[in-house]
Structure formats: C-alpha cells, structure tokens
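Trainee: Chains as they are written, first to last, in full-length UniProt numbering: chain G, 1 to 156; chain E, 1 to 156; chain P, 1 to 156; chain V, 1 to 156; chain C, 1 to 156; chain W, 1 to 156.
Among the hints, a few may not be true.
Remember, identical chains collapse to one label, so a pair may be satisfied in a single copy or spanning two.
[What the hints assert, rightly or not] The calculated lysine-lysine pairs, modelled on DSSO-like cross-linking and capped at a C-alpha distance of 27 Å, are:
(1) K138 <-> K57
(2) K57 <-> K156
(3) K75 <-> K56
(4) K82 <-> K116
(5) K116 <-> K138
(6) K116 <-> K156
(7) K56 <-> K82
(8) K156 <-> K138
(9) K75 <-> K156
(10) K57 <-> K82
(11) K75 <-> K57
(12) K56 <-> K156
(13) K82 <-> K138
(14) K156 <-> K82
(15) K138 <-> K75
Derived by calculation from the structure, the hints in this document are not laboratory data.
Residue-level listing of the chains:
6 protein chains.
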Amino acid sequence: MRKKKLSQQIVQQSADQIQMLAANIDDQSAESVAPVIELLMDAGALDAFFTPIQMKKNRPATQLTVMCHPADQQKMTYLMLKHTSTVGVRYQIWQRTVMPRDFITVTTEYGDVRVKVVTYQDIQKYSPEFADCLAIAKAQNLALNQVYIAVYQQLK
Amino acid sequence: MRKKKLSQQIVQQSADQIQMLAANIDDQSAESVAPVIELLMDAGALDAFFTPIQMKKNRPATQLTVMCHPADQQKMTYLMLKHTSTVGVRYQIWQRTVMPRDFITVTTEYGDVRVKVVTYQDIQKYSPEFADCLAIAKAQNLALNQVYIAVYQQLK
Amino acid sequence: MRKKKLSQQIVQQSADQIQMLAANIDDQSAESVAPVIELLMDAGALDAFFTPIQMKKNRPATQLTVMCHPADQQKMTYLMLKHTSTVGVRYQIWQRTVMPRDFITVTTEYGDVRVKVVTYQDIQKYSPEFADCLAIAKAQNLALNQVYIAVYQQLK
Amino acid sequence: MRKKKLSQQIVQQSADQIQMLAANIDDQSAESVAPVIELLMDAGALDAFFTPIQMKKNRPATQLTVMCHPADQQKMTYLMLKHTSTVGVRYQIWQRTVMPRDFITVTTEYGDVRVKVVTYQDIQKYSPEFADCLAIAKAQNLALNQVYIAVYQQLK
Amino acid sequence: MRKKKLSQQIVQQSADQIQMLAANIDDQSAESVAPVIELLMDAGALDAFFTPIQMKKNRPATQLTVMCHPADQQKMTYLMLKHTSTVGVRYQIWQRTVMPRDFITVTTEYGDVRVKVVTYQDIQKYSPEFADCLAIAKAQNLALNQVYIAVYQQLK
Amino acid sequence: MRKKKLSQQIVQQSADQIQMLAANIDDQSAESVAPVIELLMDAGALDAFFTPIQMKKNRPATQLTVMCHPADQQKMTYLMLKHTSTVGVRYQIWQRTVMPRDFITVTTEYGDVRVKVVTYQDIQKYSPEFADCLAIAKAQNLALNQVYIAVYQQLK
Ligand code: NI
Ligand code: NI
Ligand code: NI
Ligand code: NI
Ligand code: NI
Ligand code: NI
Ligand code: NI
Ligand code: NI
Ligand code: NI
Ligand code: NI
Ligand code: NI
Ligand code: NI
Chain G
1 MRKKKLSQQI VQQSADQIQM LAANIDDQSA ESVAPVIELL MDAGALDAFF
51 TPIQMKKNRP ATQLTVMCHP ADQQKMTYLM LKHTSTVGVR YQIWQRTVMP
101 RDFITVTTEY GDVRVKVVTY QDIQKYSPEF ADCLAIAKAQ NLALNQVYIA
151 VYQQLK
Chain E
1 MRKKKLSQQI VQQSADQIQM LAANIDDQSA ESVAPVIELL MDAGALDAFF
51 TPIQMKKNRP ATQLTVMCHP ADQQKMTYLM LKHTSTVGVR YQIWQRTVMP
101 RDFITVTTEY GDVRVKVVTY QDIQKYSPEF ADCLAIAKAQ NLALNQVYIA
151 VYQQLK
Chain P
1 MRKKKLSQQI VQQSADQIQM LAANIDDQSA ESVAPVIELL MDAGALDAFF
51 TPIQMKKNRP ATQLTVMCHP ADQQKMTYLM LKHTSTVGVR YQIWQRTVMP
101 RDFITVTTEY GDVRVKVVTY QDIQKYSPEF ADCLAIAKAQ NLALNQVYIA
151 VYQQLK
Chain V
1 MRKKKLSQQI VQQSADQIQM LAANIDDQSA ESVAPVIELL MDAGALDAFF
51 TPIQMKKNRP ATQLTVMCHP ADQQKMTYLM LKHTSTVGVR YQIWQRTVMP
101 RDFITVTTEY GDVRVKVVTY QDIQKYSPEF ADCLAIAKAQ NLALNQVYIA
151 VYQQLK
Chain C
1 MRKKKLSQQI VQQSADQIQM LAANIDDQSA ESVAPVIELL MDAGALDAFF
51 TPIQMKKNRP ATQLTVMCHP ADQQKMTYLM LKHTSTVGVR YQIWQRTVMP
101 RDFITVTTEY GDVRVKVVTY QDIQKYSPEF ADCLAIAKAQ NLALNQVYIA
151 VYQQLK
Chain W
1 MRKKKLSQQI VQQSADQIQM LAANIDDQSA ESVAPVIELL MDAGALDAFF
51 TPIQMKKNRP ATQLTVMCHP ADQQKMTYLM LKHTSTVGVR YQIWQRTVMP
101 RDFITVTTEY GDVRVKVVTY QDIQKYSPEF ADCLAIAKAQ NLALNQVYIA
151 VYQQLK
C-alpha cells in the first residue's frame, strides 16, 4: 500500500540530504520508458524526471534522473535496472535546503482547497494543492486557472 | 553511389519550394532511429533533424523532420516508413528564400579551404566549408577553431 | 463516453488530411498545462504533444501541438483556448501518408497480446499493442521488455 | 522608433492569418544568435523563438521560428538572413484564431496593474500585464508571484 | 551597485571549486521564472541556466541550475527560494579546472575590441569580448559575425 | 590505435566509480562542437553527450557532459579545453552500480549477432549488439527492427 503523498505532509526541518541517481537511456522506446516515472514515484521517489540528451552516433536519447531519501538508494537502483534498458546507474548524495511547510484550508466558491504554506527566513509562499484544484476543475468543468484565482482571492 | 554534396554546388536562384515531412517517434529506441538521418541525407534530403517532444502518457519522444525537393516526397516517405516505427508521415510544401551561392578557395598556413560566398540584396556572408576545415584539423591535430580563424584571416 | 481508441481501429486508406494546431505557452505553469494533453486526446485528438522552446526575454516556454481530423478543428481550438493561457491558436491542413493497418492476436507465455500489422508497398511492420503489454507487465510484475520479447518470439 | 507594444493594443477580430518563417542554425554560436530574437521583435514580429534540434553529424543545433503579419514577410526574411548564419528561410501562411482582447486596470496594495481581458465564446481569461508586474516587483523588492496574487485578489 | 563583470577580470589560478545549486520548477510560468537568471547573475552567480525537463504527470517543466563561488551558496539559495516557486534547493561542491586568462585589445576597422586570451598547457584560445562586438554591431548596423571576422583578422 | 570497444568487453564487478565532467558551450557553433563527442569516445570516454540548455541573455546553448574512469580525468579535461570554446571544466566523482555482463552469440536467418547478457539480483536483460544488427541491416537492406526481432526470436 502507498503512503500518504509527501506533498501533503508537514515538514519542519530546513536541511537534509538527498540521493541523486541517473542513467542514460538509448536503447528503449519512449513508450516503454514512460511508465517508469510513476513506478518510481509510487515506490517513494521524491522526484523523477526525463531530460532530452543527444548521445554518440546522433542518438536522440533521454536521461532519467531520480531523487530519493538516501535510505532508498538500493530500492530505486533496482527499479531503474529492472524497468529500463540501462546497464548502470550512477548516484551521489547532494545537500538540500528545504522550506519548512504547513497546510491551511481555504474555502472558495467552488469548494475547499488545501494550500501549502512554506517559509524560509522572511520568505513566505502559498501553493494551492494541485490535486485539489484539478479535482474541482474536472468536476465542475472549469479551467484550472479559474480555480487557482479563486484560491488566491481567499488568501487574505 | 552518392551525388556531389549539395553544400558544394553553386546555386543561383533565390527562391524555390521545399517539401516538409514529419513524423513522431515513440516506439523505437534512440539507437535504432539515429541512423535514419544519414540514410535520408544520402538519399538526397536537404536536411533531416530530430526535435525532442513530450507526448501523451509522459513519453519522452522524438519528432523526425525532413526537408527535400518536392519531387523526392515519395522516396523520403518510403524511407521514413521503412526505417522508423511510425505508421504515418505528414507533409506539406513550404516556400523558401535562398541566398544564391558561389565558392572561392582561400589558402591558409594549414592548407586550402573552400569558402561558400552567399549574397542577398546588400548582405554578403562567408562560410568556410566545414568538411575542409575538419579534415585539416584532424590531419594536423588542431582545434577546429584554429582553422576557421586562419581562414577568416585570409578573407581580405 | 469515450470512443474506442483509434490505435485499436482497423484503417484501410493510405492517405488523408490532418489538421495541425499549435500555440506557444509562456504564462502558465507546467503542472497546470500538463493535463491538457489527456483532455485533447479524450476529445478525439490524433496526437497532442509539447515541445520545449525558448521565447523572448529568456522564457523557458512550451509549444503545444495538436493533430486532429479537419472536422475537429473548432472543438480542439476551443479546448486549447479554455485550458491553456494562450490567446491565439494557429492552424493549417497537412497531407498525410498512412500505413493501412490490421490486427492479429498472439498468445504468449504471459497471455494474449494484440499486434498491429501495418503495410505500405513492400514494408510490413508489427507493433505489439502497448496497453496490452503494460497490463500484463503490471499484473505479473515483469519488465515491459520481457513482454515485448515474448510477443516477438510468437511472430513466426 | 519602436511602436506601442502589440500586447498592449486592443484587438477586436477573432481570426487572421500569420506568416510563419523558420531556419535551422548550425554554424553560429549561441551567444551570437541570441540577440536576433529581440531584433525581430523590435521590427514587429509577433513572436520569435528557438527550438533545440539535433541535426546531421550529431550537431546540437537550433531552429529559429518567427511569426509575423504576412505583410512583414520580406522584412523578417532580410533580418534573419543578415543576423544569422543561415542561407535559406522557409515560410508559409497559417490561419489563426485569436481571442479578442480588452484592458482593465486594477489597483492593488502595491500599485496599478493593467490586466488583459480576452474572450472567446463562453471563455473569459484575465492576464495581468507582465511588464507592469515586473516593474512593481523590482521597485519594491517583491517576488513576482506576490504581485500576481495581489492582482488576482482585486479581480472581483 | 554591480561589480566589474567577471568575464572582464584577469584570472590566474587554474583550479578552484564551484558550488552547484539546482531546483526543478513545475508550478511557475515561463514568463515569471525568466527574470531570475539576470537576478542571479547580478548577484554574482558565475552561471545560471535552464534545462527543459519532463516531470511526473506529463509536466513540461524546467530545471534551474546555478553555479557560484562556495561563499555565495546561502545568498543564491535565498534568491532561488524567493524568486521561484520551488520549495527546496539541492547543492553540492564540484571541482573545476579553469584556464588562466588575460586580455589584449585589438583595433579593427570598426573600432577597438578586447579579446580574452586563455591558456592551458599547450592550448591557447582567443575569445573576442561579446559585449564589445555587440555594441559595435548595433552602433554601425553590422551583423555580429562581420565584427568577429574583423577581430580574427587582427590576431596576427 | 583504438582499444576494443568497451561495450564488447566482459565486465564482472557490480560497482565502481565514474568521473563526471561538464562544460557549458555558448560561443561555438553546433557544427564545430559536434565532432568532440567522437573524439572523446575514441579517447576512452565511457559516455559523452549534449544537453540543450538556455543560458543568460537568451542564449540557446549546449551542455557537454563526459563520463570516464577517474584515471582519465586529466586526459578528458585536456580534450574538452582544446576542442571546445569553454574556459573551464567542472568535475566530480560519482558512485555507480553496474550490471555484470557476459556475451552470447545467436544465429538468426540473417546471420550471427552477439547479445550482451546483463544480470543484477534476479534481473536478467538481453541486449543485441547494436553494431552487429546495423551491419546486417545495411548489408541486406533490412529495417533495423527486423534484425532485432529475428534476434529476439532466437532467445529461447
Ligand atoms: Ni546500446
Ligand atoms: Ni521518505
Ligand atoms: Ni505506440
Ligand atoms: Ni536535389
Ligand atoms: Ni505574457
Ligand atoms: Ni476521428
Ligand atoms: Ni554548415
Ligand atoms: Ni502589426
Ligand atoms: Ni506542485
Ligand atoms: Ni566572485
Ligand atoms: Ni562568451
Ligand atoms: Ni577504461
């Protein structure tokens, strides 16, 4: 079973370490490598993304990068090796500055939306929860942006 | 056998039509689609290139675009369908403004290099022939840029 | 309700016209523009994809391109204007060469998989149905590639 | 002298034609091709942008695309040929659906901001004028997003 | 006030350390993230650039990477957190080999241009100062490349 | 003289270190930077690739990344400084998980093809040697994919 999504957890520390992992993919089709992003996120990756790269012999290839907690390095490596064509995964620890976060709920004309509140020194940012906004937009046939504006209007 | 390369031919007209052809590739690996550029160029394409695109279902895919003389549309379509995984090729005629071109030869400290001279209204541009410069750089273990500078120094 | 997916339909003609539509997006976030691909595909687009572009003032922007039947031009335009921040949609008809297609079903050690068979002159290509392979891979915890290889082994 | 910026003009028609022009750049450095975007915009281009492409012989090249009024085709071609290394410019007319636009001014805690209001059928979108928001953000040392949120809060 | 531009300083050491910082941006528009590059450069970054990436849920996102002196790590982090939507910045020290550099001034038919001269072992490279060439090109309505060629012709 | 290609060697260890090196290129043309990939691979790089990046002042630039054995760091740095316009190379050691590999030869209707067999825990992957498949495809005028399918059909 899948844990509560990280983006919905309260985080209080402002520094940690993250594990970066990467592999270059040149012998697998786009459609077969695509599902690996969701597989990795479901297994606890903090982020997973593709970068277009141009390899030797004019190959229009793809770099797969994964970020996770250091404790998950072996699990992510296993999934990358199993679900992509790569034969090697490079990895390294990076430091990270994180904005501590909290959540508030705002009530709009379209319904309730959670808003992530992140702070760092004198910086304060509000980020409406994407999943909430999308659910409302779909259910009420609205453009996503209409929902975001409705949320911003309730922030004081 | 392969014709004299287009970039080495004298061209005098200043307008023509070109055939654009394109296909999106999402079910073929980078290493297997890569050789198609050279295949198409060898068959007379004026240009052939890849653009990184992001398709449905998070696929890190590739668009293949080919430019050729309108008379070569069927030949290029055949090669695209044979050597890539696509099941369809879209195409259309575009107009083109072309700078008439001529060639001069300049003698540098490293050897002779052909230089393409192109003109349009009051514009005149000099373009050292890449293949000549590369051959000299490799033979004499020079950086390519040293050869280009040597050529520019001979342009009056 | 959603129609049978186009990729699963038998197609017999070898030429048609497609409507290309495009817009450049520079004032909408990645997370808010992302769902539009699926919205457009669900509404009958033949393809919809993003291309990374670099606009004026150093903006790391995105081009949205949509391909559809000419009869769907107005519907697609409406969805693009509603769900993205663009204020204009450019469009044009392109010609298209299409490989007529048929389907066969192959039985592998992991289960049945439909295979698209496309032909054009002397070219014949087999394309295992992605959705079938993915469903099997997920259900049996296999790498996608294992399923594809199993399918290829049954093609004669 | 430079005309009033297009993005600040009221537009009432909902359809027009635009001229697309394009060229592939492989023999000019990034720093020397970069200023051409601003040159083209200053000369009246409606949009001008770069797309990363991968050309023959493994060249990490750039496509330059320009959109303008059809009447400006020759002027844009001249600038592209003068300020880039390309020897040819391809071009074609595309149709365009445009959302008619009007402007309102909203007063925020940080100052006045013009907001573009665009409509099409039942769609209505508000787009705060980027230049106004940027000027305020710089003058008052704010994050741009704070200014946008302040504008959204005044829209009703 | 802004310091003398780094590219115009004489550098004598051939090795140092640089601080890499990066963040993925998926909930901020292209037009609002664009100005951050100049903000970071003005604050002393050695380099700052965007890379197109493809994140989860089909998001056409952007990676922001910053390079600076290790002593500037906190200042750059603050600016990245303030002016982008990211909630975390990853960072790490890399080693760097640098070519010691000096400057000469060459006099061309169009005016004076500084040229950076960099050396490493037996390698020597000349790099005309971009800002000087651009200023001349604009003032005298020349293509940038004409100015560069004029400079190369004066390098003995 | 050039060593046996790495991809054809048997590898037995499952972890090692690799040297990452990178440089941003903004003052060199695509055609002049392109040959550096092959130069680096010929000198023993494990991988070398370009990533499209967007630098300050709207430059559509290119990042060059090289991976090599740590012992080759100085040799690679020299080649990057000699053959590109960059004045600095950043570098760092990363860890790597590698799948031990062995080779088998399969006999297809078109000829013999070596197949790389890589393993890690319970993962086993087969990768037909690209060079062998390409040589057969060219000699017998086949699409590459036909050769790959023929190889897969012989894997039990
Ligand atoms: Ni390979
Ligand atoms: Ni965790
Ligand atoms: Ni498919
Ligand atoms: Ni021809
Ligand atoms: Ni805008
Ligand atoms: Ni249809
Ligand atoms: Ni060239
Ligand atoms: Ni106009
Ligand atoms: Ni988000
Ligand atoms: Ni400094
Ligand atoms: Ni420079
Ligand atoms: Ni080695």
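Trainee: Decide, hint by hint, whether the structure agrees.
Mentor: Checked hints:
1. K138 <-> K57: Answer is between; shortest inter-copy Cα gap is 16 Å, intra-copy 45 Å.
2. K57 <-> K156: neither (57 Å within a copy, 31 Å between copies)
3. K75 <-> K56: Answer is between; shortest inter-copy Cα gap is 19 Å, intra-copy 30 Å.
4. K82 <-> K116: between (35 Å within a copy, 16 Å between copies)
5. K116 <-> K138: So K116 and K138 pass the 27 Å test inside a copy (21 Å) and across (25 Å) alike.
6. K116 <-> K156: Both: 15 Å inside a chain and 24 Å across chains, each within 27 Å.
7. K56 <-> K82: both (24 Å within a copy, 19 Å between copies)
8. K156 <-> K138: both (26 Å within a copy, 23 Å between copies)
9. K75 <-> K156: Neither, since 44 Å and 30 Å both go past 27 Å.
10. K57 <-> K82: Both, since 25 Å and 20 Å are each at most 27 Å.
11. K75 <-> K57: between (32 Å within a copy, 22 Å between copies)
12. K56 <-> K156: neither (54 Å within a copy, 32 Å between copies)
13. K82 <-> K138: For K82 and K138, only the inter-copy Cα distance (13 Å) is at most 27 Å; the intra-copy one is 35 Å.
14. K156 <-> K82: between (49 Å within a copy, 20 Å between copies)
15. K138 <-> K75: Classified as between: cross-chain Cα gap 18 Å, same-chain 35 Å, threshold 27 Å.
Of the hints listed earlier, those the structure fails to meet are numbers 2, 9, 12, in rising order.
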